[in-house]
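Student: Sequence:
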Amino acid sequence: MKKHLKIPQKGKVVLNVALSACAVIIILSGMALAADRDVIIVYNESIGDREKELVTQSHGGEVETNFNLINAVSAIIPEDKIEEVKNDPRVAYIVNDTIFRMTDEYSSSWGVKYIGSQQVYNQNIIGTGVKIAVLDTGIDYNHPDLAGNYKGGYNFVYNNADPWDDNCLSYFKTCHGTHVSGTIASEHNGIGVAGVAPGSSIYAVKVLDGGGFGGASLVVSGIEWAVNNGMNIISMSLGSTENNTAVLDAVNAAYDAGILLVASGGNTNGGPVSYPAAYDSVIAVTAIDQNGQKASFSPIDQKIEVAAPGVNINSTVQSGYGLLSGTSMAAPHVTGLAALIFSTNYPDVNGDGIRDNKDVREIIRNTAFDAGIPGKDDVYGYGIVDASRALLGISAYANADLSITKDDGVSTITANDGKTYTYNIAVKNNGPSDASAVKVIDTWPAGFTRGAITPSQGTCDTAVNFTCDLGSIAKDGTATITINYIVPNISAGNYTNSVKVNSATTDYNTGNNIAEDKNNVIVNNDIVLVLVKKRDDDAKKVSLLKGNYSITINNVNLSRIDMNVFENDRFRKDLSSTYRLNKSQVINFNMNIVSRKLDIKFIPYGDRGSTGIVRIKRLQ
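So in the numbering used here, the last one in the sequence shown is 703, and the numbering has no gaps at all.
Rather than coming from a laboratory, the hints here were simulated on the basis of the structure.
On a predicted model such as this, the values are computed, not experimentally measured, just so you know.
Where is the CB? At the ideal position from N, CA and C, for every residue including glycine.
Do not take every clue at face value.
Pair ranges (Cβ atoms, derived) [unchecked claim]:
1) Ser659 <-> Thr526: 37 to 43 Å
2) Ala520 <-> Glu445: 33 to 39 Å
3) Ala520 <-> Val613: 50 to 56 Å
Hey, can you work out the whole structure from these sequences and the hints?
Tutor: Here's what the structure looks like:
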C-alpha cells in the first residue's frame with residue numbers, strides 16, 4: 084500500500100512529529116503546490132468494485148484501497164479533479180482522507196482494581212472467548228503479559244500481517260497500542276500487571292504508524308477487517324477533530340453488524356469529544372484520576388458516555404511496564420469491561436429478543452457509578468464504569484446504600500383539630516458495608532407546630548429545619564426518628580415535609596436518599612363546642628389567630644355561658660362577656676386588633692347535665 088504525505092493546504096507542507104505528549108507542527112511556506120489529494124470516495128450502492136476502479140481512473144485518480152463494509156475506495160485524485168468527482172452522479176460523496184492520531188498520553192495499574200475487576204476475576208469471569216480488535220499502533224506480541232492472549236491481526240500501515248508496535252521505537256518509546264492492549268487483556272499470571280479481561284483475545288489492527296498517525300482510510304480498513312473477522316469489540320484510542328463521513332458510515336455499519344465500539348474521548352482539556360468517539364454508535368470514554376475526579380485533560384461534552392481511570396495507568400510497554408495518562412488509557416478499561424460482559428450469559432436488557440452489543444452497552448451505562456450531578460452529565464456521562472456492579476451486582480465504589488422513608492399515616496388533616504400526629508422516619512443501610520457519620524436533614528413544613536423529636540440513636544438539634552446526627556449504621560441496620568406535631572389554624576393547601584440522608588461513606592445509589600411526606604390541610608371554618616355542665620373541668624378552650632369571626636352562642640338549657648378571653652395569658656376584660664339568654668346569640672368578633680392570637684375559654688353554668696352549643700366561623 085503506497086503512503087503519501089498529507090497536504091492540508093496549497094502552498095504549505097505540514098510535517099507532524101509525534102513527541103508522545105505533544106505534536107510539533109513545522110510549516111514550511113513557499114513550497115511547490117500540491118498536485119494530488121488523498122481522499123475517500125463513497126459510491127452509490129449500485130456501483131460494483133470494477134466500476135469503482137474505472138470511475139476513479141476516469142477522473143485521473145489511483146485507487147489505493149477498495150472497501151466492502153462501505154461502498155467506497157481510498158484514492159489519490161488530482162486537486163483540479165476534485166469538483167469533477169463530486170459532481171459525478173455515480174458518487175455519493177467524497178471526503179478527505181482525514182488524519183487520525185493516537186490520543187496523546189501524559190507520562191501496578193490502579194485502574195483495573197478501581198473499577199472492581201478483581202472481584203469479578205475472583206468469580207472466574209475473565210472475558211474468555213471474546214475477540215477484541217485494538218485499532219492502534221500495533222502490539223509487542225512477544226511481551227510475556229500479552230503473548231498468550233495475542234491471537235493475530237493486520238498491519239494496514241505497511242499492508243502486511245505483522246502488526247508489531249513500532250511506536251515502541253518513537254522518541255518517547257510509549258508503545259501506545261501495546262499499553263492499551265495490556266490494560267484490556269494482560270494475563271493474570273503473577274507478573275507485571277493484570278488486565279480488566281485477562282482471558283480475552285487481542286487482535287492488533289495497526290492503523291497508526293510509529294509516530295501515532297494514520298489516515299481515515301486506514302481506520303475504515305481496520306473497522307472492515309474487524310467485521311470480516313468476527314470481532315465482538317473494536318477498541319480505538321485514537322481521534323481527530325474533523326468529522327469524516329466515511330468513518331461515520333463504517334462505525335455505523337460495524338455497530339449494526341453486532342460489534343460494540345469503544346473510543347477515547349480525546350484530551351481536549353474541557354473541549355468537545357473527538358471523532359470517532361463523538362459518533363452515536365461509539366461509546367465515548369473520558370478519564371478520571373485516582374480520586375474519581377475528572378482528569379484535567381478530559382473533555383466536557385454531552386457526547387461523553389462513561390468515565391474510566393486514565394491517569395498514571397501502569398500497563399505493558401516493550402520489555403516491561405510504564406505509566407501513561409490520557410483518555411487513551413481510559414477507553415481500554417471500558418473495552419475490558421465489555422469483554423467481561425460478553426463472556427457471560429448477560430440478559431436481554433432492552434427486551435428486543437436478542438442478546439447483542441446493544442444490551443452490553445446498556446449494562447455498562449446502567450451500572451455506572453453516577454458521579455457528578457445526578458443523572459447523565461457532560462463531565463462523567465452516565466458515570467464511572469463499575470465491573471463489580473455490572474457482573475456481580477455489588478458496586479466497586481460504595482460501601483453503603485442508604486435509603487430513607489418518611490410517613491405520618493395520614494394524607495388529609497383538618498387544621499386546628501386538636502390532634503397530635505407523628506412523623507416516622509426510617510434510615511436503612513442496604514450495605515454492603517457499614518455507613519459512618521450518618522446525617523438526616525429535615526425541611527419542616529411552614530405553619531406546622533413541632534413537638535418532641537426522638538431518634539433511636541444519636542442526637543437532633545432544635546432548629547426549624549433540624550438535623551439529626553445518627554452516627555454509624557451497620558450493614559442491613561436501621562435507625563429511626565419520630566417527630567410529634569400538630570396543625571394549628573393555618574391556611575388550607577398542600578404541605579410537604581422533606582427529609583434527606585447522607586453519610587461520610589460513599590453512597591452510589593443516591594436516588595433513595597430523599598423522602599417526602601405530603602399532607603393536604605383543609606380548614607373547617609366552623610368550630611363547634613358542645614358545653615356540658617359537670618361538677619368541674621367543664622370549660623372548653625379554643626385558640627384563634629388574627630381575623631374576623633362570627634361566634635354563635637346558644638345556651639340551650641344552661642343558665643349562662645361565660646366567654647373569657649386571654650391574650651398571652653393576660654385576661655382581656657374588654658373582650659370578655661357573659662351570655663344568659665336561652666336562645667342563639669351571634670357576636671361579630673374582630674381579632675385583627677390583637678398581636679397574634681387569643682385563647683378563649685367558654686365556661687358553662689347551670690344544673691348538672693345541662694348543655695349549650697358554641698359555633699365559631701372564621702369570616703376572613
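Student: All hints are to be evaluated individually against the structure, with a verdict given for each.
Tutor: Comparing the hints with the structure gives:
1. Ser659 <-> Thr526: 37 to 43 Å: Between Ser659 and Thr526, where Cβ atoms are some 41 Å apart, the hint holds.
2. Ala520 <-> Glu445: 33 to 39 Å: With Cβ atoms ~35 Å apart, the hint holds.
3. Ala520 <-> Val613: 50 to 56 Å: Cβ of Ala520 to Cβ of Val613: about 53 Å, so the range 50 to 56 Å holds.
Hint violations for this structure: none, all hints satisfied.
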